[in-house]
Amino acid sequence: MRKTLMLIALVAILPVACGRPADQGQAGDSSSRKVIQNKGSDTLVNVAQAWAEAYKEVNPEVAVAVSGGGSGTGISAMINGTVDLANASRKMKDKELEQARANGHDPLEHVVGFDALAVFVHPDNPMDAISLAQLAEIYGEGGTAAKWSDLGVQVPGCDSDEIVVVSRQNNSGTYVYFQEAVLGKQRDFRLGTRDMHGSKDVVDLVEHTPCAIGYSGLAYAGEHVKMPCISSPDGADCVAPSVATAVDGTYPIARPLFMYTSGEPQGIVKDYLDWVLSDVGQCIIVEKGYAPAKPVSCGGDAAAEAPAEDAEGEMTEGETTESSEADSADPQG
Amino acid sequence: MFEATELNLQNQRRERLFRTLFLAMTLLLILPVVVILAMLVYKGGPMISMDFLLTEPTNGMTAGGILPAFVGTIWLVVVALIASVPIGIAAALYLSEYAPDNWLTRAINLAVINLAGVPSIVHALFGVGAFVIFFRFGTSILAASLTLAVMALPVVIVSTREALQAVPQAFREACWSMGATRWQTIRKVVLPNSLSGILTGVILEVSRTAGETAPIMFTGAAFFLPFLPETVWDQTMALSLHLFVISTQVPEVPEALPYGVALVLISLVLSMNAVSIAFRVYLRGKKKW
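First to last, the protein sequences are chains A and B.
Mapped onto the numbering used here, the consecutive letters of the first sequence carry residue numbers 1 to 333.
Mapped onto the numbering used here, the consecutive letters of the second sequence carry residue numbers 1001 to 1289.
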């Protein structure tokens, strides 16, 4: 009987006895391994994962723990101080910055790359070009385009003629950026959009729905959907979404991708961020279908150090030669 | 001689009709299970190899194995069991063997039943508030497992209590009349005779905790970790979340991969169950009534 009691006591004190290693939020651990917490944007999550995977080779003593959930998730974790690096596909709002400062964090933004926001339709859809104004009529509150015939398009397989408008859940940075860039800050999305919980879901739905139109980061749009080129209101040429057009600033809906740190990055977080922004790190983001934060050329040694991704390697090489000439200024202007 | 009347025949036909109907319904019930298993084995089977289980995911999680997720799920289940089984059994022992039938007991019973009905996403939010933030466990195996434990407690309590109450009252009375105390009775008579039933609850808990995604998503499971967890303070990957992630978030995942992960998850649960079931059958064989 005494044995039983001791067992119960042991179980009860186990969690207490282990003791929480001090200061884990800032990357401490009982073992020699140091952990960087990296959380946020679903747009960035796959790149963040690729970086974490590759960084294991660079510095085996530092482990980068990656979680998704959306830009909003990353930003609120930054506000609560539970991450070292918050990924966001939009800027932090003033209110969020205030909240973070009130909690003793001073979020500092770092541009780690750019993303072209691709608009796509079913492959059978004959539309090759769309303007920002047309997009606003499709997505915006009180918009006039509810049917494909309103845009002068006859879509085979879409008998109802009704535009199935596919969007994202509202804590997505992609959602917020699309609203700003296409609808304008004051205008809301129309009611009745299908709000998907991830870019991949948007692509999958549009791929299988002739009547649908959707948007996501360029990296998610596979070859099974059709991406019309986008023309901006100033009547400029219609620009196809690509890494190159995002970098040179001609594509009208490209956005910077951010990592936020609390104050100036230090120690292992600084090392990691420097590596992310180095040629090797930037070549990884290019491989994943995003535009780099600065011009890089990913031939030779750099490509060899990055994890092998043969399928996309050739394409990105060609594009980055082009981009290295171009200015990497913020494409939003 | 007995001559079947029209009424007899009609009854006989109805009897057959309902028998067939109920049989069909029962078979219908098995159908999804069979189809799911067949699909998983057919589509995911080719993925399974020792390499798949024992290597880390590579190439943006579209290739390689599932070692961190596999190990993580085992960590989560084991820690959740350590936390919930002693508490659950102790609570069930109190409710079944000691508690008088008064308002407090009835309130506790009501609470247990309600706890069982709370949706897992609500448990998840509770876990974030209580374990991650208030107790400062951070996002860790401990926080995730404790959330799972809270969620699984009612299952353990209810099934244990039922197992205890299945022990005939006469056994206890015989024991008491020999001068044994309540605790001695529980220790020597009630527990040994109800162990198989208690194990059923544990089996149910294992199945439930291994498959849950929502409660661990915010409390301890990560999208990707380049290391295996070493202590309960580490974050972890988990099979269920990994399955969710590669089927909804990661582009260009080969079709067989999610099926492979699902097959591993289901095999893990079934094999854990099989061990407990074998033990249960063995114990039941020794039952004295």
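One or more of the hints may lead you astray.
[What the hints assert, rightly or not] Heads up, simulated DSBU-like pairs for lysine-lysine below, C-alpha to C-alpha not over 35 Å straight-line:
#1 A:56 / B:1043
#2 A:270 / A:185
#3 A:226 / B:1043
#4 A:185 / A:226
#5 A:95 / A:34
#6 A:147 / A:226
Because the hints were derived from the structure by calculation, they are not lab data.
Now the hints, each set against the structure:
1. This hinted pair checks out: residue 56 (chain A) and residue 1043 (chain B) have alpha carbons roughly 32 Å apart, not beyond 35 Å.
2. Restraint check for residue 270 (chain A) and residue 185 (chain A): the C-alpha separation of about 34 Å stays at or below 35 Å, so the hint holds.
3. Between residue 226 (chain A) and residue 1043 (chain B), the direct Cα distance comes to roughly 29 Å. Compliance with the 35 Å bound is thereby established for this hinted pair.
4. Taking the CA atoms of residue 185 (chain A) and residue 226 (chain A), the gap is about 28 Å. The hint holds against a cut of 35 Å.
5. Taking the CA atoms of residue 95 (chain A) and residue 34 (chain A), the gap is near 32 Å; set against the 35 Å cutoff, the hint holds.
6. Between residue 147 (chain A) and residue 226 (chain A) the CA atoms are separated by roughly 18 Å; this keeps the pair inside 35 Å, and the hint holds.
Every hint, counting from the list given before, is met by this structure.
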